[in-house]
Every structure is written in C-alpha cells, then in structure tokens.
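These protein sequences, in sequence, are chains A and B.
My numbering puts the first sequence at residues 2 to 578.
My numbering puts the second sequence at residues 9 to 96.
Quick caveat, the hints were computed from the structure, so don't treat them as lab data.
Treat the hints with caution; some may be incorrect.
[Stated by the list, open to error] As a list, the in silico DMTMM-like pairs of lysine to aspartate or glutamate whose alpha-carbon atoms are at most 20 Å apart: (1) A:Lys36 - A:Asp530; (2) A:Lys298 - B:Asp50; (3) A:Lys311 - B:Asp50; (4) A:Lys317 - B:Glu89; (5) A:Lys321 - B:Glu89; (6) A:Lys281 - A:Glu449; (7) A:Lys349 - B:Asp50; (8) A:Lys115 - A:Glu438; (9) A:Lys105 - A:Asp530.
[What the hints assert, rightly or not] Covered stretches of chain B, as calculated for chain A (at least 3 residues, CB under 8 Å): (10) 24-30; (11) 39-52; (12) 61-71; (13) 77-85.
[To be verified] Listed below are several chain A residues computed to face chain B (Cβ distance under 7 Å; list not exhaustive): (14) Met2; (15) Leu3; (16) Ala87; (17) Phe94; (18) Leu267; (19) Ile269; (20) Ala363.
Because the structure is a prediction, the values reported are computed rather than measured.
Where a beta carbon is used, it is the ideal one built from N, C-alpha and C, also for glycine.
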Amino acid sequence: MLYESSPVAIAIFASFVLAVIGLSFWLGRKGQSAKGYYAAHGEIHWFINGIAFAGDYLSAASFLGICGMIAFHGFDGFLYSIGFLAGWIVALFVIAEPIKSLGKFTFADALDAKYNSRGIKLSVAISTLVVSIFYLIPQMVGAGDLIMPLLGLPHAVGVILVGVAVTLIVVTAGMVSTTWVQFIKGSLLVFFCGVLTSMILSRGLTVNTGSLEPQTRTVTPDGRVLVDGEPQTRNHDLRPVGTLAALPERYGDATTTGPLGPLEYLSILEDSRIVTWSGKKSTDSSGTHTVYTPTEKAGADLLKPGGYFKGLTTGKLADKLDFASLMLALFCGTASLPHILIRYYTVKDAAAARKSTVVGIAAIGAFYVLTLFLGLGAMTSGALDPTSTNMAAPLLAKSFSETLFALISAIAFTTVLGTVSGLIMAGSGAVAHDLVENVLGIPMNDDEKVRCGKIAAVGLGIVAMALGILFRNFNVSFLVGWAFNIAASANLPALVMLLFWPRTTKEGIIAAVTVGMLASLGWILLSADTFEKVYGLSRDASPVPFSQPGLVTIPLGFIVLIVVSLLTKAQPQGRPA
Amino acid sequence: MADNSVPGSEGPGRAARIGFGLFWIYVILYFGFIALVLFRPDILSSRPFGGVNLAIASGLGLIAAALLLSVVYMVACRMVESPGGNRR
C-alpha cells in the first residue's frame, strides 16, 4: 500500500531526536572517566535502570513484529511475547547478581574474572560483536523500512538518520545518555501502548463488512507495481483488510458491542467470526504476482496455537522440534545478550541490579500483555496493509486518528534508537575495553579508554549504517532469531557453568563460546528457512532437520564445556560444590 | 555451586539459593506450557473458566507468574540480607 507522509509524524520524530541529542550533549558536557562512559559511573538509580532495561530490550521486533504476527496469525504471535518475557527469569534468578559482582564494564570481564585469560577475552569479545551486529542489522533495516512510508524519505535516509542520531547519543555521554534515551523510550512505549489499548477496549468490537474480493499485486520485470492489473496509485491501491465478520449469536442483529473490559473483549472475540487475509506468490513472464485472498475463521481458532507455527497442527516431529527449539532459544537468549548484560554495571550494587530487573520485568510484562490487545485490535480494525505485517500497530493507530498514527510511528522510530544505542554501546566496550586494551594489551589511561570507546562507537555506527543499507531486502525477523540463538548457544553455557560448576576451566569456556557461536551460526546458514527465503533454494536441499538451532547447539555448548574442562587441568581455586 | 557471595556476608549466597528455587518453579511452568502447546493443544482450546480459553489464560498467567516470582524473590532477598536475616 502507498502511504502519505505525515508532517505531524516528522515533527514529533524530529523534536524527539533533537531533544535526546540535546540531552546527550548536556549530560556529556563534563569530562568523562572510563567508568562514566562504559558504566554510567555505576550510579544509575535502580528504577531508571529498570525502565531502561525495557527501553533496551523492546526492539522494533517486539513492538512491530509481535503486533503484526498477532494481527495476521492470532495467538502464535503471543507465544513470542511469552518466550521473550520468560528469558528475564533466567536473567533475574541466575545471572543478575553474579554478573554484577564479577564484572566491571563488559560481559567478557565477568566470564574472565577468575582466569585472566586473553583467549576468553578474545572469544567473548568476538561473540559479543557477532551477536550485537546480528541484532543491529534488523533494527537498522527496520528503521529504513519505517521511514519510507511514514516520512516519505528513501530507505537509506532512514538508516543514516538513525545511525547518525544514535552515534551522537553514544559518543556524547556513553552509557549515561544511552540509559536516559532508553528510559524515555521505554516509558513512552509502555504508556502509549496502554493508551492505545484503552482506546481499543472503549471502541469495543464492530462488524465491518468490507469487500471480500481477492486482490492482486504484481511487480513487473521493469519494476512497476500493478494492483489488479492497473498501475498502483493513491486512488487505485490495495484495500485495507482485517475485519470482524460477525459478533456472537447473543448479540442478535447488533453490529457493535460498545465499550468492553479486557477479558470480556477476548472472550467475545473468541465467539466472533473474523476475516483474515493471506498472500500467495507466483512468478511468470509478466512479473511476480501476489494474490491476497480472505478467509473467514472462528475467533476460537485464531486464539489457539497453530495459526503461524503450522508444525503444531501437522504432527510432524521436525516441526515440533523447531518450535521447541525457538522457545528454548527465547528462554535462554535474553540473559545472554551482551547489550542487556552491560546494563547491570550501571547500578551501584547487586541489590540494585535485582530491583532494576524486577522493574524491567514489570514494564516488559505489561508491554507484552498490551501487545495481545494491540494485535487483536489491529486484526479487526479494517486498517491492515495485506503486504506488511510490520505496519499493523501504526495502522491500528491510524484507524483512531492521524495524530495517534503520527505519535505511534514516531515512537516506533524511538524504539529503534533506544535498542541501537544499547547495541553500539555493547560493541564499543567489546572493541575498546576487551579487544584493544585486554587482548592486544595496549596500555591506556582513563582518557584514552574513553576516546578509544568513542572511536569504536563511531566505527560501529558506520558499520551499522552500511549493513542496514546492504541488507535492505533481507527478511529482518530471521536476524533477531539468529541473534537470540547465537547468544544463547555461545554465551549461556559458559556463563552458567562458570557460576555453578567449580571444575570449569578457561579452555572449557573458550571452547564452549567458540563452538556454540560457530555451531549455531552454521546451523542457521544451512537451515531450510535460510535455503528457501534467503538463498531462494528448495527447503528439501537443507541438510539440517529443523531451522532453529537452539535445541541442539545450547546443549552442545554445555557438553563441549564439560568435556574440554575435564580434559584440561582443573583450576586450583575449585571448591567442593 | 560456586560461591558468589560477598566476603563476610551470607546474604547473597542464600539469595542465590532462593533465586535458584524460584527459577526451577518457573522452568516447570514455562516448559509445562510449551509441552501442552506441542502435545495437547486441545486442552489449551478449552474454556474451563467460561470466558477466555486456556491458551490465553495460561499465557497471561505466565507473564503474571514471572512478575509475582520476581517480587517474591526481591522481598525474600531483602529479608535474608537484613541484619536479622543474616543471624537466622
């Protein structure tokens, strides 16, 4: 669908970006120490840090991706919400306090605290960079994708705008400004999603009888876009979709419910009938055609598992293992993401780390409950773009008012800013503190450490912009899944065994991080999903049985660590368990 | 189990044990839910409470349980870390 650029959205976004950059310059006006740059002096209040956790964690994939998946496929999108939140339990109960006690600036500090090994620092710094870059790409591509329809600017401009803004934020005041940007973004996101949800509930459910004629979008070999055989224009475009076909029988002839409570909303939707649309692609000499067709479904069928993860209903073992593997990676991945872990160094002690995680869980949990209502609200809003699941949340807002649309779009951009600044910060620490200072052994005074971190941040910002432009046509949801799988496979076994198995050796840690990272990356590159959607090959050509590697590569990391630790000499500080 | 405690204090060591116990409770809840999704989706389609189905109720329940357990953990840690808690 074609979108008109919104001057209000541009104004809101521009004022937000200028305000946070101004704030960053103000926060960075004084000279900085290394502790200030990398860890905000360890003086961030636990409540601020908790909301900043939400700002760091709730990426564009969480906001736009989950809402879109629920809007088009029903309950299965909510499974992502459940998995993303469950990961915080590992972070709080297993990782938070030890990582705070062991580390200083980076995740490598914590893993290396007992060994002082260059090998550990090198392997963990590389895994931090790999995970951060895989996480960065979808954020940058997402920024470009959003800016095109909403602000009427080219994709590359969106990527560069976000890249420059984030690099400025990180370089001016490091972790201090990053924290405040994430705090502001986290608060705005949860607050406005709450506002949007209350508007959905007060609007209730309304029967909407839109046209059910199939629609065809064609991209001709010379790049022109046709809709139902005619050139696409604002007046001749795909119709918005996603409607409620019928309310429960007890409503008789009534076509609207009026305001509803949250549980009442879900319950009535379950007894209603809903029209969802799906597209089927085909290619011939006249171009690539996607035919969008409607299907009327019972609400009860959309609100049970199996709408997106087809394997849940086919009964094939490989499909079930694929789903189990994804849910395991989501559970284990959160506590292994370097940009989340470094946030533990910004508070003063273990108790503050714990309290800030609880605040983070409350904010993130509330947000994920809201995503269910946003997704279902979009599903029946009659405003969905059949070509883009990612636009579900902004278009839902548009079904209420243009101003809300502008506001939600601007918040979607700030979502990218908050997460990208955390990732650049994590990468900057890995390059400057772990690689340059500790692995290469280049001695640096405090000022030089800060300068090196800032240079690394600028470098990473440029890399992020280049990758965002290069991967423009890449399916972004893959990359977030990749990042979680790689983080969980490379980092979690080492982190957990270091804390809970006294016979862990430095060789075991290096082997687990390296094997976990390479095995998960290799598995993903050989998976059926990648064969089909990235290489354009047949799914059957893939040599691995299912696409998500976590179920195999996370246990593999543990096994490698145990075997290598047993084969190498135990460290003398080992104590009886 | 590795001792992550701060020297001279029993607090964090005991806090870690409490955290571990709560962690396993959540592991059972989470993977129990995943097992139902995988093997008995029919149970999740049922509506034992009349209103929302068990899939939505248990999803919302898992989010609520995460928050509840984390608050229990925070309160328990405060108790074991208080001077009285250390002497117990």
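*Please name the hints from earlier in the document that this structure breaks, with their numbers sorted from lowest to highest.*
Failing hints, ascending: 1, 4, 5, 6, 7, 9, 14, 15, 19.
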